[in-house]
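Residue numbers (the numbering used here), protein chains in the order written: chain A, 16 to 284; chain B, 16 to 284.
For the record, the hints were derived by calculation from the structure and aren't laboratory data. Honestly, I wouldn't trust all of these hints.
Copies of the same chain look alike in the list, so a pair counts if it works inside one copy or between any two.
Stated by the list, open to error - Derived pair list, reagent style DSS-like, types lysine-lysine, alpha-carbon separation capped at 30 Å:
no., residue 1, residue 2
1, K278, K88
2, K88, K172
3, K88, K280
4, K88, K281
5, K172, K281
6, K280, K172
7, K182, K172
8, K88, K182
Spelled out from the first residue to the last, the chains are:
2 protein chains.
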Amino acid sequence: MDETHLYNLTFIGAGNVATHLSQALSQHHCCIRQVFSRTEESARELAGRLHAAFTTRLDEIDAGSDLYIVSIKDSALNEVLPALTRRNPDALFVHTAGSVPMSIWNGLARRHGVIYPMQTFSKQRDVDFTTTPFFIEANSEEDTRLLMQLAQRLSEKVYEASSEQRKYLHISAVFACNFANHMYAVCHHLLSEHGLPFESMLPLIEETTRKIHYLTPEEAQTGPARRNDCNIMEDHLHMLESEPELAEIYRNISRNIRAYAEKTKKSNP
Amino acid sequence: MDETHLYNLTFIGAGNVATHLSQALSQHHCCIRQVFSRTEESARELAGRLHAAFTTRLDEIDAGSDLYIVSIKDSALNEVLPALTRRNPDALFVHTAGSVPMSIWNGLARRHGVIYPMQTFSKQRDVDFTTTPFFIEANSEEDTRLLMQLAQRLSEKVYEASSEQRKYLHISAVFACNFANHMYAVCHHLLSEHGLPFESMLPLIEETTRKIHYLTPEEAQTGPARRNDCNIMEDHLHMLESEPELAEIYRNISRNIRAYAEKTKKSNP
Chain A
16 MDETHLYNLT FIGAGNVATH LSQALSQHHC CIRQVFSRTE ESARELAGRL
66 HAAFTTRLDE IDAGSDLYIV SIKDSALNEV LPALTRRNPD ALFVHTAGSV
116 PMSIWNGLAR RHGVIYPMQT FSKQRDVDFT TTPFFIEANS EEDTRLLMQL
166 AQRLSEKVYE ASSEQRKYLH ISAVFACNFA NHMYAVCHHL LSEHGLPFES
216 MLPLIEETTR KIHYLTPEEA QTGPARRNDC NIMEDHLHML ESEPELAEIY
266 RNISRNIRAY AEKTKKSNP
Chain B
16 MDETHLYNLT FIGAGNVATH LSQALSQHHC CIRQVFSRTE ESARELAGRL
66 HAAFTTRLDE IDAGSDLYIV SIKDSALNEV LPALTRRNPD ALFVHTAGSV
116 PMSIWNGLAR RHGVIYPMQT FSKQRDVDFT TTPFFIEANS EEDTRLLMQL
166 AQRLSEKVYE ASSEQRKYLH ISAVFACNFA NHMYAVCHHL LSEHGLPFES
216 MLPLIEETTR KIHYLTPEEA QTGPARRNDC NIMEDHLHML ESEPELAEIY
266 RNISRNIRAY AEKTKKSNP
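Chain A extracted, bound-state conformation (with noise of 0.2 Å):
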C-alpha cells in the first residue's frame, strides 16, 4: 500500500480549516470527490471550487473514498462520526482538530488518525502550508506513514504528534498566541489612554519575534524584571494602581520572569 491510496477524499465540513486544507490537497494530485456541510451553500460554494459533489445528508456521503477529513466544531463530532464511518468500513478517518484526542474513532473505524495543521486561518487570508507545521497520528503505522507522506505533498514541517502532546501543542499556542496577542491588546489600551499611536510599537514587536528565530526566548528576554530592576518595576505598578487586574498581571508575569531567569542561571553557572 503506499500514498497513491490516499488519491480519493471526502471533505466533512466547509468552514476555515476545510476550505484551506481541500483547496491545497487539491492543487497536489488529490482527488476531492464530495464536500459535505450541513450548511448547502457552504458545501456547494467549497465543491464548486474543488469540480466536487457536495451533500448536506450524512446518509449521501460518498462511500467510496480513500480518506474521509473531517473539520467540524468539536460540538458537532459525537452525531456526524457515527453516521460517517459507517458508509465506508475499511477507509481511513481523520480529524483536524489539536484539543480532540484521537481516541473519539475508538468503536467507530478501524483505521482512524489525526492531521493537525497548526496554525491559524481566517477566510480574508491565503494561508502558506509549505511552513504550517503538521502534526500527524494514526492507529496503525502504516497509515501514519500515509498521513505523513500526505502532509509532506503540501508542507516542510510534517511531525508525529501523540493526543497528549497535541493536548500540549494546543495549550502553549495559547500561550505563545494568544495570551502574547493579548499583551499586544494591553500596550494598545495603555497608549491610547496616553494620546499615543500602536502603531509606533510594531517594529519593537517584530523585532521581538524576529528575535526567538535565532536564541531561545529565555535567551532574548531583556526588560527590567529580567534585569531585577526594581525601582522601574515599583514605578509600573504605581502606575497601574488603577487597574488592579493590570496590575496583578504585570507582577505575576514578572515573577514568573525572574524565575525563569534564576533556573537559567542554575543550569549556566
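Position chain B against the provided structure of chain A, taking the given hints into account.
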C-alpha cells in the same frame, strides 16, 4: 536658527544605543566631534569608527559642540550631567532614555530635551532606523523642532512625546515585548517538557504578529478565552496543576481577555 545648528555633536556614552545612533547620524550629515566614555576601550573604538576624538575625562569634554547626546546607564546620570553641562552653557543637551523624565536637566542646562528611539538594540544586529520610532521632547518649541528634524534624518516615524507619555510608552513596551516574549518562554517550556520542537510554533507566532498590522489586537484575538470555551479552559488549568504560577497567569490573562471582549461588545453593540 535651523537644522544646520545641530551639525556638531558630542556623544556621552559608547554603549549599544550610542554606538548605533552615532553611526547613523554620522552617515546623515552630522559631524560627531567627540565620544566620551569612562571605559577607554569603548570610547576609542567608537571614536575610531566615527573618525572622532575621544576622552574618558569629564573636564576634557568638547566645549564647542552644538548638541550633546547622553546615552549612559540611568545610575550614572547624576554624576555626569552637572560636570557635562558646565562645559557649554549655550548648547542643547538631550538624553535617550525611555524611563528618565526631561526634568532631570532642570537647573543644569538652559536648553534641554530627550531623543528616545524605541527599539531593542543589540551588538549582534544592525538597526533599521528608518522604521524605528523616535519620541522627542524639549523645553522650547524651537529645540523641539530642531530635534524632530534631526530624528527625521534617520526615521520616517518621529513623534513628540511628553515625559509622562514616555513613561507610558515604556510600560506599554514592557507588555508588548518583554511580557509577550515571556509567553514565548512559557510556550518553549511546555513544549520541551513534552518532546515537542519550539520551532514548530514560529509560523503561528509570525502570523499572530502579522495580523496586528491590519487589525487591532482586540479584533485579532482568538482562542478559548475569547470564545469563552469553559471546557477547554478547565482542561488547560487542570494540565497546569503542577505549576500553580502558570495556572495563575493563565487564569488572570483569560479573565482579562474576557473583560476586553465584553468592553468591545458594549462599544460595538
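Okay, the hints, checked on the actual structure:
1. In the homo-oligomer, the alpha carbons of K278 and K88 lie at most 30 Å apart only across protomers (27 Å), although the nearest pairing inside one protomer, at 40 Å, exceeds that limit.
2. Within a single copy, K88 and K172 get their C-alpha atoms as close as 25 Å, which meets the 30 Å cut-off; across copies the closest is 44 Å, which misses it.
3. In the homo-oligomer, the alpha carbons of K88 and K280 lie at most 30 Å apart only across protomers (23 Å), although the nearest pairing inside one protomer, at 44 Å, exceeds that limit.
4. Taking the shortest Cα distances, K88 and K281 sit within 30 Å of each other only across copies (27 Å), while inside one copy they are farther apart (45 Å).
5. Within a single copy, K172 and K281 get their C-alpha atoms no closer than 33 Å, and across copies no closer than 42 Å, so neither meets the 30 Å cut-off.
6. Neither within a single protomer nor between protomers do K280 and K172 lie at most 30 Å apart by alpha-carbon distance, with minima of 32 Å and 38 Å respectively.
7. Taking the shortest Cα distances, K182 and K172 sit within 30 Å of each other inside one copy (19 Å), while across copies they are farther apart (42 Å).
8. Proximity of K88 to K182 under the C-alpha cut-off of 30 Å is restricted to the intra-copy arrangement: shortest distance 17 Å within a copy versus 45 Å between copies.
Comparing the model with each numbered hint stated earlier shows that hints 5 and 6 do not hold.
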